[in-house]
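Colleague: These are the residues of each chain, in order.
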Amino acid sequence: MKSRIWFPIVLLMGFLFLIVHGLNSLSLRAMRFPLIVTGIVSVLLLVEILRGIWRGRQKEVFQKTKEGSFKELVTHLPAMAVLLVILPLIWILGFLIAVPLHLFFFLKFNGEKWLQSFITALVTWIILYFGLYLGMKIPFDEGLLFSYLLG
Amino acid sequence: MIDQMISGMLSIFDLNVLPFIFLGLPVGLLFGLLPGLSGVTTLAILMPFIYGMEPVKALAFLLGAWSVCNNGGTVTAILLNIPGDTANAATMLDGYPMTQKGLAGRALGNALSASAFGALFGGLVLIVLIFVARPLIMAFGLPEFFFLIFLGLCFIAVLGSESPIKGFISGGMGIALSFFGTSVLTGEPRFTFGSLRLLDGFDIVPIGLGVFAMPEVVELVISRGGTIAKVDKSNVSSAQMWEGTKDIFRHFKLFLLSSGIGTFIGIVPGVGGNVAPWVAYGVAKQISKHPEKFGTGCVEGVIAPEASNNGKEGGALLTTLALGIPGSAGMALLLGAFLMVGLDPGPMFLKEHLDLAFSMASTLIFANFLGTGVMMALSKKLSAISYIRGSMLGPIILVLCVFGAYCASNDLWDIPFFFIFGALGVVMKAYHYNRAALFLGFVLGVMAEKYFGLSLSTYGPLFFLRPISLAIIATTVLVLFYNKFRVALSGKKYMKEANPRLEER
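Residue numbers (the working numbering), protein chains in the order written: chain A, 1 to 151; chain B, 1001 to 1505.
Bear in mind the hints are in silico, worked out from the structure with no lab data behind them. Incorrect hints may appear among the rest.
To give a feel for the contact side, a few chain B residues facing chain A, derived at Cβ under 7 angstroms [stated by the list, open to error]:
id, residue
1, Gly-1172
2, Ile-1222
3, Asn-1410
For every residue, glycine included, the Cβ atom is placed at its ideal position computed from N, Cα and C.
Turn these sequences into a full structure, and let the hints guide you.
Modeller: Rendered as structure tokens:
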């Protein structure tokens, strides 16, 4: 039951926060349409939460429904975590190094061969550097480390 | 109007525009061949690349890719028993048995020709209906525009979701995301929490990429294992392909009927493209003199779903262009692309950019014929792409997404936003919330607020009491109680009849 309703609860809290924050800090004209939308959606979220609780109590119905499960979502978390590593890497090492580096280790993590992983990462770097950085003059972020080292 | 039609349709053959169709074509085919990456994901990934392009070029590029995505999926469905997209699954029922019988070339000829001529049918219907739709739209005022947006959201929320409540919640989330930034009515900063970065609101690209592409990347990464395709490719002969093309004319009535079904379903907003092939397949089976042969490698079983699949695009484009009501997630993304190139999606589009509408219709037709030619020539070699492992593909797509999110505005902050919206997309997918409704809500949110505010100040609180507004409201109410009709239209019945073993996708 809990797994079913956590998402609407989080959303409802978010919407209620927007309503309270908006009413406290914005003019009525700026808040009129948001108030209508967030108000309606909050009611719908409440209905969804109550439906979740109701279905949780009716085990048979719960089992028969095709709705998603928390278990399904949990299987996605490690993959998401590995994908997220690219974020601090870009921040620290910059785009041009972080992206091929992350790609290489990610492919290795997924059981690809060394050579295959290396070639894929290298090709990516070549495309990024020659095609996009030099060719299309895209200003890639150089990262904290290089900004610090290069002054 | 005729002048605009001619100039719009010919504009795609301009040497400045044509290369963008040729550029979109291989990209669309490539992504179409990769099982798991649907046309919607393709559009999401390509969106960042249209920044700064002229509208006609950008839309030629996107539509060129979008038009042929299905063709790629058709080839893998027939040769490898792996549908590139859900829409291709119906083709698989008879396409793959034909391959097993050594008739892969004929099946491909059937499918690709039916796709091309189906797109031609849908495109021509689109052109004709633009003439009809335009005068109607000229009669619309501010309240009507607001209610049209509301109707569009209702369509996609109610018809595109398993649960209408979840559909509305998703649409509301999208509209709520459009509130961040500056109020369109008063100009005051809203929900920025003191951050200058949020003054312009969220960028459309991180949202599109995150919500649509990230869940697919995660799925690909999780799949880890071997190749997606697990069977050997078959021989594909040119003679068989030609024979397959001639089959379209041997079964011309079926082709016309299937294309018509596809176009009609495309026009009905929110039903989505995946339904059309199944309905056409079911109808083809019911009217066939030998229904028992369906599922064993029957030519009609390939022609019907493919003709309807590509025919629906013309219909879907009509409501997208004329009313700003997208028929599917792909069309919602296309509406987002309009914003990115400085066009206002919605009813004003046909008033202000009629030539562009005709240009899009001709791109749809031209790209499909071009894609069919390329696929006929290279289908066997190109299908090898399906042998790329999901574990290899996932990280590469991620790089494309991260790059796309960054390049949209050369802002590093768009990458964390991409991940945040990606996480939201993963959760929404897992819990069956409607991601297309969220995106559409975001795209149309600002306009909905603007039209609502202006209607209120111009016509007062009773602004909805205008005849056309009341008609749209009545239609909206019908949509809200549309579920029973939806079940009849959804083709699930046909899906089960056609192949009881096939899981609902």
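Colleague: Hold the hint about Ile-1222(B) up to the distance rule: shortest CB distance to chain A must be less than 7 angstroms.
Modeller: With a closest approach of 5 angstroms, the Ile-1222(B) hint holds.
Colleague: Could you check if Gly-1172(B) really has its C-beta closer than 7 angstroms to a C-beta on chain A?
Modeller: Holds, because the Cβ-Cβ distance from Gly-1172(B) to chain A comes to roughly 3 angstroms (cut-off 7 angstroms).
Colleague: Was the hint right that Asn-1410(B) lines chain A, CB cutoff 7 angstroms?
Modeller: holds (6 angstroms)
Figure legend: structure checked against the earlier numbered hints; every hint is met.
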